[in-house]
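Can you make the complete structure from the sequences, with help from the hints?
Just so you know, my numbering puts the end of the sequence shown at 233, numbered straight through with nothing missing.
I should point out that these hints are in silico values taken from the structure, not numbers from a laboratory.
Treat the hints with caution; some may be incorrect.
Calculated pairs, DSSO-like style, for lysine-lysine (alpha carbon to alpha carbon, straight line, at most 27 Å) [said to hold, decoys possible]:
| id | residue 1 | residue 2 |
| --- | --- | --- |
| 1 | Lys26 | Lys74 |
| 2 | Lys26 | Lys7 |
| 3 | Lys135 | Lys174 |
| 4 | Lys174 | Lys43 |
| 5 | Lys178 | Lys135 |
| 6 | Lys26 | Lys98 |
| 7 | Lys43 | Lys73 |
| 8 | Lys147 | Lys26 |
| 9 | Lys26 | Lys126 |
| 10 | Lys74 | Lys43 |
| 11 | Lys98 | Lys147 |
| 12 | Lys73 | Lys98 |
| 13 | Lys178 | Lys43 |
| 14 | Lys178 | Lys74 |
| 15 | Lys26 | Lys174 |
| 16 | Lys147 | Lys135 |
| 17 | Lys26 | Lys73 |
| 18 | Lys74 | Lys174 |
| 19 | Lys43 | Lys26 |
| 20 | Lys135 | Lys98 |
| 21 | Lys73 | Lys174 |
| 22 | Lys174 | Lys147 |
| 23 | Lys43 | Lys147 |
| 24 | Lys7 | Lys43 |
| 25 | Lys178 | Lys73 |
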Amino acid sequence: MEIIEFKNVSHREILHNISGYFRENKITTFIGPSGAGKTTCLKHINGLLSPDSGDVFYRGENIASADIISLRKKAGMAFQSAPMLAGTVYDNLNLPLKIFNEELSREHALELLDMVELDASFLQRKINTLSGGEKSRISLARTFVSKPEVLLLDEITSSLDYTLVREIERLVRKLQQKHNLTVIWITHDLAQAERVSNDIWFLSRGELLLQGPIDSLYSSDNTIIQQFLRGER
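The structure is reproduced here in structure tokens:
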């Protein structure tokens, strides 16, 4: 079942007539060369950007007319650099609610830490004492404050070593399965896409060249895709 659909979406000189969909409760990875428009697509899903032409639909509702606050609660986003505020882990977990003049309870905060396999002692830890892997876990936990049904992940493991990359992959898959999440994940790492994906979107120069199961990547006769697979990027 489709949860998100793009219909003829164009944005400036970045996206060109993108049409495709994301299956509910599946992990879809965006792959392709740098500058292909992957992050721009992601930002259209939670309303950070709007199409110049075309439409994006969330459960059949045009995002252009949707309640943007409600939409962003449903679609949590974690970024490449795991941006953090100075202060404690609690301060950072509380940030999404603070924007709406609400407060995160200690009980809920501890539940969030447990979800990403961190113990209660982390709650009052200073952010500047955390490792890169711990910050990535906190960034993930923060996306769950509003109990989203979609996770938007923008290269969240790109700055981590291989061991931590595999740990974050395992954690995302665990959360996806436990909470029946739809995950849309940007990665430049083809091996990572193979490990985590149900589906892929392959973008190049703002065009969607391929959408489908991960296996379809290797049966494509598209020249750009074949060059990408050979490492000619």
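These are the hints, each one checked on the structure:
no. : hint              : verdict
1   : Lys26 <-> Lys74   : holds (16 Å)
2   : Lys26 <-> Lys7    : holds (20 Å)
3   : Lys135 <-> Lys174 : holds (18 Å)
4   : Lys174 <-> Lys43  : holds (25 Å)
5   : Lys178 <-> Lys135 : holds (22 Å)
6   : Lys26 <-> Lys98   : violated (31 Å)
7   : Lys43 <-> Lys73   : holds (14 Å)
8   : Lys147 <-> Lys26  : holds (17 Å)
9   : Lys26 <-> Lys126  : violated (35 Å)
10  : Lys74 <-> Lys43   : holds (14 Å)
11  : Lys98 <-> Lys147  : holds (16 Å)
12  : Lys73 <-> Lys98   : holds (13 Å)
13  : Lys178 <-> Lys43  : holds (25 Å)
14  : Lys178 <-> Lys74  : holds (16 Å)
15  : Lys26 <-> Lys174  : holds (12 Å)
16  : Lys147 <-> Lys135 : holds (19 Å)
17  : Lys26 <-> Lys73   : holds (19 Å)
18  : Lys74 <-> Lys174  : holds (19 Å)
19  : Lys43 <-> Lys26   : holds (19 Å)
20  : Lys135 <-> Lys98  : holds (20 Å)
21  : Lys73 <-> Lys174  : holds (21 Å)
22  : Lys174 <-> Lys147 : holds (15 Å)
23  : Lys43 <-> Lys147  : holds (19 Å)
24  : Lys7 <-> Lys43    : holds (15 Å)
25  : Lys178 <-> Lys73  : holds (19 Å)
Of the numbered hints listed earlier, those contradicted by the structure are 6, 9.
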